[in-house]
Amino acid sequence: MEQVILDEDGGLNSSDGRAVTDALTVLGHALALAEAVTLRSYFRMLHRYPLLTRTSPFFPDLLDQYKKLPAADCRYADCDRISFCKTIEMIGFPGEPKLEIYLSLSGCKAEGEDRLDLKLVPLGRLLDMPLDLGQLRHVIFGDNIDTFVFDTVYTLFEFVDGVAWQLGFQSAPEACHI
Amino acid sequence: MFKKLLFATTASPVCDNAAKVAFDLELKWDAELILFHVLGVPTRGYSPFITDVRTGETEQIDNDYVDWVREEMKHTYADLLKDSENNRIEAVVGAPHREILRKARTENADMIIMGSHTREEDVGASRYRQIVGSTMQKVAKGARCPVVVISRPCTTCWKLFSNIVVGTDFSKAADSAFGWAYRLAKNVDARLHLFHAVDITKDAIGADHGQVEIETRLEEARDKIENHHLSKVTDYDNYTVEVWEGTPYVEILKFAREVQADLIVMAHHTREIDPEKALLGSTVEQVVLRSACPVASVNRPDKAWEIDPD
Numbered sequence: 000m001e002q003v004i005l006d007e008d009g010g011l012n013s014s015d016g017r018a019v020t021d022a023l024t025v026l027g028h029a030l031a032l033a034e035a036v037t038l039r040s041y042f043r044m045l046h047r048y049p050l051l052t053r054t055s056p057f058f059p060d061l062l063d064q065y066k067k068l069p070a071a072d073c074r075y076a077d078c079d080r081i082s083f084c085k086t087i088e089m090i091g092f093p094g095e096p097k098l099e100i101y102l103s104l105s106g107c108k109a110e111g112e113d114r115l116d117l118k119l120v121p122l123g124r125l126l127d128m129p130l131d132l133g134q135l136r137h138v139i140f141g142d143n144i145d146t147f148v149f150d151t152v153y154t155l156f157e158f159v160d161g162v163a164w165q166l167g168f169q170s171a172p173e174a175c176h177i
Numbered sequence: 000m001f002k003k004l005l006f007a008t009t010a011s012p013v014c015d016n017a018a019k020v021a022f023d024l025e026l027k028w029d030a031e032l033i034l035f036h037v038l039g040v041p042t043r044g045y046s047p048f049i050t051d052v053r054t055g056e057t058e059q060i061d062n063d064y065v066d067w068v069r070e071e072m073k074h075t076y077a078d079l080l081k082d083s084e085n086n087r088i089e090a091v092v093g094a095p096h097r098e099i100l101r102k103a104r105t106e107n108a109d110m111i112i113m114g115s116h117t118r119e120e121d122v123g124a125s126r127y128r129q130i131v132g133s134t135m136q137k138v139a140k141g142a143r144c145p146v147v148v149i150s151r152p153c154t155t156c157w158k159l160f161s162n163i164v165v166g167t168d169f170s171k172a173a174d175s176a177f178g179w180a181y182r183l184a185k186n187v188d189a190r191l192h193l194f195h196a197v198d199i200t201k202d203a204i205g206a207d208h209g210q211v212e213i214e215t216r217l218e219e220a221r222d223k224i225e226n227h228h229l230s231k232v233t234d235y236d237n238y239t240v241e242v243w244e245g246t247p248y249v250e251i252l253k254f255a256r257e258v259q260a261d262l263i264v265m266a267h268h269t270r271e272i273d274p275e276k277a278l279l280g281s282t283v284e285q286v287v288l289r290s291a292c293p294v295a296s297v298n299r300p301d302k303a304w305e306i307d308p309d
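Chains A and B, in that order, are what the protein sequence lines are.
Residue numbering for the first sequence follows numbering that gives the first Met the number 0, beginning at 0 and increasing consecutively.
Residue numbering for the second sequence follows numbering that gives the first Met the number 0, beginning at 0 and increasing consecutively.
Worth flagging that the hints you see were computed from the coordinates, not collected in a lab.
Where is the CB? At the ideal position from N, CA and C, for every residue including glycine.
Heads up, a few of these hints could be off.
Said to hold, decoys possible - Partial list, derived from the structure: chain B residues whose beta carbon lies under 7 angstroms from chain A:
(1) 246
(2) 249
(3) 253
(4) 289
As the list claims (entries may be wrong) - In silico BS3-like links for lysine-lysine, alpha-carbon gap of 25 angstroms or less:
(5) B:102 / B:19
(6) B:81 / B:2
(7) B:253 / A:67
(8) A:118 / B:253
(9) B:137 / B:3
(10) B:137 / A:97
(11) A:118 / B:19
(12) B:253 / A:66
(13) B:171 / B:223
Stated by the list, open to error - Chain B residues, not near chain A, derived (Cβ > 10 angstroms throughout):
(14) 100
(15) 106
(16) 233
(17) 301
Just need the whole structure built from these sequences, with the hints factored in.
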């Protein structure tokens with residue numbers, strides 16, 4: 000599978016070092032993240048390749064929020080990095096048994112498996128958090144009792160779309176009206 | 000006002016956010032709060048065995064077991080019960096949605112309060128699965144009273160709410176939603192924000208719409224709001240009207256954030272005229288999971304126009 004690499008400044012490069020000019024042509028390529036990539040690099044990528052912003056209804060609002068945020072030091076003290084993960088989950092109950100595959104974005108500590116839900120953390124505290132591509136979690140029969148972990152690859156499309164979807168859940172107000 | 004509130008709970012941490020709002024409302028409205036938990040589905044008929052609704056495990060049921068569950072509920076909500084003045088704790092066996100609806104009907108509850116899921120869910124998963132819990136969907140579909148769904152900590156002050164957003168698409172169910180929101184706003188002297196999003200995504204995905212066409216549709220929507228809803232407003236002027244274009248659930252969430260809404264009121268899947276056939280609309284589902292404030296879904300007119308404005 001061909002690879003595309005996201006740089007800290009939001010640029011996309013092919014594995015032989017050539018800069019990508021048309022992001023659509025590499026949407027199906029396996030993504031690798033260069034060192035020092037943060038969530039801000041994701042938004043820089045959207046700025047460089049505006050065509051990508053047409054893939055999700057959340058982008059106009061997210062980009063508006065992004066433009067109003069400080070240019071540095073947007074960090075969240077309770078986690079060390081943000082991890083983009085794929086989960087395969089077998090669910091036996093309630094309802095009919097089913098298998099679900101989904102992507103998620105969560106906060107992680109340097110050590111330990113605890114995953115932190117980011118939906119209550121404002122975007123302004125996440126932008127400069129290091130970002131990595133996590134392993135695939137295979138949950139057997141729900142309730143996260145038995146979980147296997149595997150190495151996997153993510154395509155550029157999964158990354159662009161999955162992060163946008165996840166950030167679409169962030170709506171915690173900064174302050175109460177009253 | 001609200002005399003009887005039914006808080007349908009799984010008695011587990013997934014309902015903690017809803018619990019806080021339910022107890023707050025009990026004190027605010029001086030109402031009776033019924034904490035109602037359906038602990039399991041009988042394996043068959045009047046079987047003494049039940050399938051636990053959360054774990055799927057089989058348990059033997061008798062009066063002692065039910066009493067034990069009620070005791071456990073008291074422990075779970077011990078902190079909140081300390082300040083509560085008028086509550087009842089009940090645990091029953093049955094299909095959750097049916098029992099909750101039965102309870103709401105027999106008690107003539109003014110409002111059902113619940114969380115959005117039975118299990119702790121990863122929100123990323125919601126794209127691939129039924130987006131809100133099936134119990135919540137069925138209750139919302141069948142309930143004659145408004146159903147308030149709380150899916151995350153209520154960071155705004157619903158107890159002292161000052162901004163109510165009502166999303167409308169001019170259907171019969173939306174009339175009920177508006178009616179309930181209007182009476183409520185009038186009662187608590189909150190500002191009512193009447194909102195409609197012109198859905199420019201459903202005609203043809205990715206199609207570009209001309210500015211003139213969008214402007215025309217926005218104007219038409221404003222006229223409809225005037226005819227459908229504002230014609231029913233009497234002696235009340237603390238309201239605003241907004242019509243935006245875009246993807247409806249994205250726009251209503253943006254608008255709610257902009258006006259710092261304390262409550263969003265919407266109708267269920269509103270293109271269905273017959274409430275018997277209405278499942279929770281996808282717009283409501285998306286709003287429920289993403290909204291920072293509680294979301295009330297109103298399906299029928301029964302309680303909508305009943306609230307005493309005094």
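Consistency of the hints with the structure:
1. 246: holds, 4 angstroms
2. 249: Holds, because the Cβ-Cβ distance from residue 249 (chain B) to chain A comes to roughly 5 angstroms (cut-off 7 angstroms).
3. 253: The hint holds - residue 253 (chain B) has a Cβ within 7 angstroms of chain A, the shortest such distance being about 6 angstroms.
4. 289: holds, 5 angstroms
5. B:102 / B:19: holds, 21 angstroms
6. B:81 / B:2: Cα-Cα ~20 angstroms, so holds.
7. B:253 / A:67: Distance ~15 angstroms between residue 253 (chain B) and residue 67 (chain A) Cα, so the pair holds.
8. A:118 / B:253: holds, 16 angstroms
9. B:137 / B:3: OK: residue 137 (chain B) and residue 3 (chain B) at ~21 angstroms, within 25 angstroms.
10. B:137 / A:97: holds, 20 angstroms
11. A:118 / B:19: This hinted pair holds, its Cα atoms lying about 19 angstroms apart.
12. B:253 / A:66: Holds, at roughly 16 angstroms.
13. B:171 / B:223: Holds, at about 13 angstroms.
14. 100: It holds; residue 100 (chain B) is separated from chain A by about 18 angstroms at its closest Cβ, greater than 10 angstroms.
15. 106: holds, 26 angstroms
16. 233: Label holds. Min Cβ-Cβ 27 angstroms, cutoff 10 angstroms.
17. 301: holds, 29 angstroms
Hint violations for this structure: none, all hints satisfied.
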